[in-house]
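Chain by chain, the residues run as shown.
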Amino acid sequence: MTARHDPATASCELTLFVSGASDRSAQAIASVRELCDVHLAGRCRITVIDVNTNVHSTVDTSPVAGCGHRLLVTPTLVRSLPLPERKVVGDLSDARRVLLALGLRSNDPALAHG
Amino acid sequence: MAERMTHRSTRRRPSKAAEGLVARLAEAEDTLRAIGAGEVDAFVLSDGEGGQSVFTLETADRPYRMFVESMRDGAATISSAGLILFANRRLADLLSCSRETIVGSPLDRFLVDGALIGLAEIRGLDGCGATVEVELLDGDGAVVPVLIGSSPLDVDGEWLDCLTFTDLRAKKAQDREIARLGRAQAERMTELEEAQVRLVNQATHDALTGLPNRALVVDRIDQALSRSRRSGRCTAVFFVDLDRFKQINDTLGHAAGDRVLRRVAAQLAAGLRSSDSVARIGGDEFVIVATELDNHLHAVDIATRVVRELGGLPSRVEDGERVAASVGVAISDSGRGTAEVLLHEADTAMYKAKSHGGGCVEVFDTALGRQVHQRSVAQLALQSALDEGRTIVRYQPVIDLASGTVSGLEALVRIAQRDGSVMPPAEFIPVAEDSGLVVPLGARVLEVACHEAGTWPPAGAPGRALTVAVNVSARQFEPGDLTTIVRRSLDDAGLDAGCLHLELTETTIMDLHPDILKQLVAIRDLGVEIGLDDFGTGYASLTHLRRLPLSFVKIDQSFVQGVDTNPEDTGVVSAVVDLAAHLGLRSIAEGIETEAQLARLREMGCDQAQGYLFDRPLAPADVPAAIQRFNEPAV
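For the record, the sequence lines run as chains A and X. For the first sequence, the tail end lands on 936 under my numbering, and the numbers increase by one without skipping. For the second sequence, the tail end lands on 639 under my numbering, and the numbers increase by one without skipping.
Be careful, since some hints might not be right.
Taking lysine to any residue pairs in the SDA-like style, the calculated list, with each CA pair at most 25 Å apart, reads [said to hold, decoys possible]:
no., chain 1, residue 1, chain 2, residue 2
1, X, Lys20, A, Gln849
2, X, Lys20, A, Ser833
3, X, Lys175, X, Ala96
4, X, Lys358, X, Gly257
5, X, Lys175, X, Val138
6, X, Lys20, A, Glu835
7, X, Lys20, A, Pro904
8, X, Lys250, X, Ser279
9, X, Lys20, A, Thr831
10, X, Lys20, A, Ile871
11, X, Lys20, A, Gly842
12, X, Lys358, X, His455
13, X, Lys250, X, Glu289
14, X, Lys20, A, Pro906
15, X, Lys358, X, Leu384
16, X, Lys175, X, Leu151
17, X, Lys20, A, Asp913
18, X, Lys20, A, Asn874
19, X, Lys20, A, Leu893
20, X, Lys20, A, Arg927
21, X, Lys250, X, Leu172
22, X, Lys20, A, Leu921
23, X, Lys250, X, Ala211
Between beta-carbon pairs, the in silico distance windows are [stated by the list, open to error]:
no., chain 1, residue 1, chain 2, residue 2, range
24, A, Ala852, X, Ala190, 35 to 45 Å
25, X, Gly24, A, Asn929, 21 to 31 Å
26, X, Glu53, A, Pro906, 23 to 33 Å
27, X, Gly122, A, Ala852, 26 to 36 Å
Partial pick of chain X residues on the chain A-facing surface, computed with a CB cut under 7 Å [unchecked claim]:
no., residue
28, Glu53
29, Val58
30, Phe59
31, Met75
32, Ala270
Everything labelled a hint here was simulated from the structure, so no lab data went into it. Predicted model, so just to flag it, every value in this text is computed and none were measured. Heads up, the beta-carbon is just placed ideally off N, CA and C, and yes, glycines get one too.
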């Protein structure tokens, strides 16, 4: 029963912001796909957004001091649901670190209780 | 960092606002760490009103660049004005230029024919891109064929064109090689076909003269025979063998012999109608096939011409030896027989011609063949007599019955044979008429007779010169210049026109062509008298007697012979004499042999007569003596 309300084990929606097909972005996409397939299998939906072709206005990004603009860097992985929104920026290759930052628990028991 | 924050939040449970602030700080901290660690590739700055700018870090598009740089094709972007804004390394290689040279240059500069293949064509006429084959001019001046693919590119509102350049040099070389192989193949095929044609030609043609050989001529004869079977006309096969050819070969050598054979072949081929063929079937043996002939005489004409043309050919051999040929003729009516039979018959006839001494024509011995043979002998004899000037003219006196004196003489042509004998007119006149040789023969007689008459002494009657009568054939009117010939003969001989009489046979005027009548009137207007020969034997009508410009009629000897014994002949002759008198024409009786005939004609009032009773045809040398005998009273 508690597990149902625990955001760490609930179904989640992830949004990955990338910039074109750069090395880093490509690496980020690969990392997030692995994350979903291995650690969050069956309870995760991901959306990949290329900032070059899409406007990312739905995401709450950081305000830039003094000009009213907001800043997003890529790659950034956002946990849109469950709320509150959580983000991880930069290198996404370390699954343990990413899961921790997003407040999610892996399906893999070794990692989940590690 | 996130880990630490989580620990902190579980320890103190701060307020919601503080929690949000902490989260933001942690996020900012995380972002800065990621930037510091070089883990980001782009910054996206949004203005909060839907607009955004993306700043891509320099290293971020490396894969794109690497991809573009390592493409097999050249790549470029060009501005709407046609300037090259970007070029990849491969394009620089293609153009043998540095990238610095290419970027900023107009694309036109690298097109071989910028005027023809313009930017519009490369961009695609509908602006949606295109694929065009063009030739580029590289930095070294070499031509590089490429395939340009273009696609329009909207970069922040400015339309660029994105071009790829596929090098076609290898493909072109391959195409050329394929084409070359194709041509080589075609040439080889042509060679094979030509070789095949040569082989067939060699199998069916004689190598020395290029004429068909025996195999082919047998086939041609068979074809001619099947045509004759349908048309009912004649096919003739001529076996032509050169006389004394072995002698030429032996004395002058084979090269000279070969030259003669080639000349003969050319001569024979030149004289043929397109439907006829000539073949060389052995050393000096040729075969001619003439198709669709009207009759046997036509065949003989051809054979005679062959003998004559070969004999008179400029193909006299170097030492003056004359080429002569013997011709054997075999004729098939309506396609009778076979090629082999005809060749055999012609061969047999040719040997017979050889046995007669060569240089002549022999027709394969059938009843018709014999008759035709005589024709051909006469024709050859006549032709050679004309060529060699062996025509001779005899003169038979025409006696004025009232005075008993010679009023004139009729010129009668004879042919002297090579052996000295004289050929009678009955043997050669029909041939002369049929062959058309009567035209030169008649002209010759006219010339000679006028010349002779000019030398004769004056006639007995004072002031009256002796006349000379010359026979004229219908065919002499055909060339249309008889008037000219008559006038020239008179002028050359210095003879008065009134001394010349022309005698026409009834067959001449049977089909009285307006042109003949015109020529007759012109000749009469010269002062020449015109008469009708052999009257009563042909088809002359009273109309003819009235319409022609006549001065006399000659009563045929067949009526004269019975004038004193046969009442019918008597009646005919008497009627003709009366008719002539009424029409104002003189009557002349031919072939008088007895005194009784003469007496009867005198009674009837016939004007003049000629015949053996008075004198036979005389040699020119005997004419003056005869005139003297008749015209000077016996002492």
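Verification of the supplied hints:
1. Distance hint between Lys20/X and Gln849/A is unfulfilled; the C-alpha atoms sit about 35 Å from each other, more than 25 Å.
2. A C-alpha spacing of about 24 Å is found between Lys20/X and Ser833/A, which places the hinted pair at or below 25 Å, so the restraint holds.
3. Pair hint Lys175/X plus Ala96/X holds up; C-alpha atoms about 20 Å apart against a cutoff of 25 Å.
4. Using a Cα cut-off of 25 Å, the hinted pair Lys358/X and Gly257/X holds, with the two alpha carbons roughly 23 Å apart.
5. Of the supplied pair hints, the one linking Lys175/X and Val138/X holds, its CA atoms being roughly 14 Å apart against a limit of 25 Å.
6. A hinted pair counts as satisfied when its Cα atoms are at most 25 Å apart, and Lys20/X with Glu835/A qualifies at roughly 23 Å.
7. The straight-line distance between the Cα atoms of Lys20/X and Pro904/A is roughly 17 Å, inside the 25 Å bound, and the hint therefore holds.
8. For the given pair, Lys250/X sits about 32 Å from Ser279/X by alpha-carbon distance, which is inconsistent with the 25 Å threshold.
9. Our distance criterion of 25 Å between C-alpha atoms is met by Lys20/X and Thr831/A, whose separation comes to about 23 Å.
10. Annotation: proposed proximity of Lys20/X to Ile871/A is violated, straight-line Cα distance about 30 Å (limit 25 Å).
11. As the CA atoms of Lys20/X and Gly842/A are separated by approximately 37 Å, the hinted pair breaks the 25 Å bound.
12. Taking the CA atoms of Lys358/X and His455/X, the gap is about 41 Å. The hint is violated against a cut of 25 Å.
13. Distance restraint check for Lys250/X and Glu289/X: the Cα-Cα separation of roughly 12 Å lies within the 25 Å cut-off, and the hinted pair is therefore satisfied.
14. Distance check on the hinted pair: Lys20/X and Pro906/A sit about 11 Å apart at the alpha-carbon level, within 25 Å; holds.
15. Taken as a hint, the Lys358/X and Leu384/X pair is honoured in the structure, with Cα atoms around 15 Å apart against an allowance of 25 Å.
16. At most 25 Å may separate the alpha-carbon atoms for a hinted pair to count; Lys175/X and Leu151/X meet this at roughly 11 Å.
17. Under the criterion of a C-alpha separation no larger than 25 Å, the hint pairing Lys20/X with Asp913/A is inconsistent with the structure, at around 29 Å.
18. For the suggested pair Lys20/X and Asn874/A, the alpha carbons sit about 35 Å apart, so the restraint of at most 25 Å is broken.
19. The hinted pair formed by Lys20/X and Leu893/A meets the criterion: a straight-line CA distance of about 23 Å does not exceed 25 Å.
20. Among the hinted pairs, Lys20/X with Arg927/A is consistent with the structure: their alpha-carbon atoms are about 23 Å apart, no more than 25 Å.
21. A C-alpha spacing of about 72 Å is found between Lys250/X and Leu172/X, which places the hinted pair above 25 Å, so the restraint is violated.
22. A threshold of 25 Å between alpha carbons decides the hint, and for Lys20/X with Leu921/A the separation of about 23 Å falls inside it, so the pair holds.
23. Distance check on the hinted pair: Lys250/X and Ala211/X sit about 20 Å apart at the alpha-carbon level, within 25 Å; holds.
24. Range check, Ala852/A to Ala190/X: Cβ separation about 59 Å, and the 35 to 45 Å hint is violated.
25. Under the hint 21 to 31 Å, the C-beta atoms of Gly24/X and Asn929/A, about 30 Å apart, fit the expected range.
26. Checked against the hint of 23 to 33 Å, the pair Glu53/X and Pro906/A passes, with Cβ atoms roughly 25 Å apart.
27. Our hint of 26 to 36 Å for Gly122/X and Ala852/A is violated, since their Cβ atoms are close to 46 Å apart.
28. At about 9 Å, the closest approach between the beta carbon of Glu53/X and any beta carbon in chain A exceeds 7 Å, and the interface hint on this residue is violated.
29. Hint status for Val58/X: holds, given a least beta-carbon distance of 5 Å to chain A, under 7 Å.
30. With a cut of 7 Å, the hint placing Phe59/X at the interface with chain A is violated, because the nearest CB-to-CB distance is about 9 Å.
31. Given hint, Met75/X at the interface with chain A, is violated; its Cβ is 15 Å from that chain's nearest Cβ, farther than 7 Å.
32. At about 87 Å, the closest approach between the beta carbon of Ala270/X and any beta carbon in chain A exceeds 7 Å, and the interface hint on this residue is violated.
The structure is inconsistent with the numbered hints 1, 8, 10, 11, 12, 17, 18, 21, 24, 27, 28, 30, 31, 32, although it conforms to all the rest.
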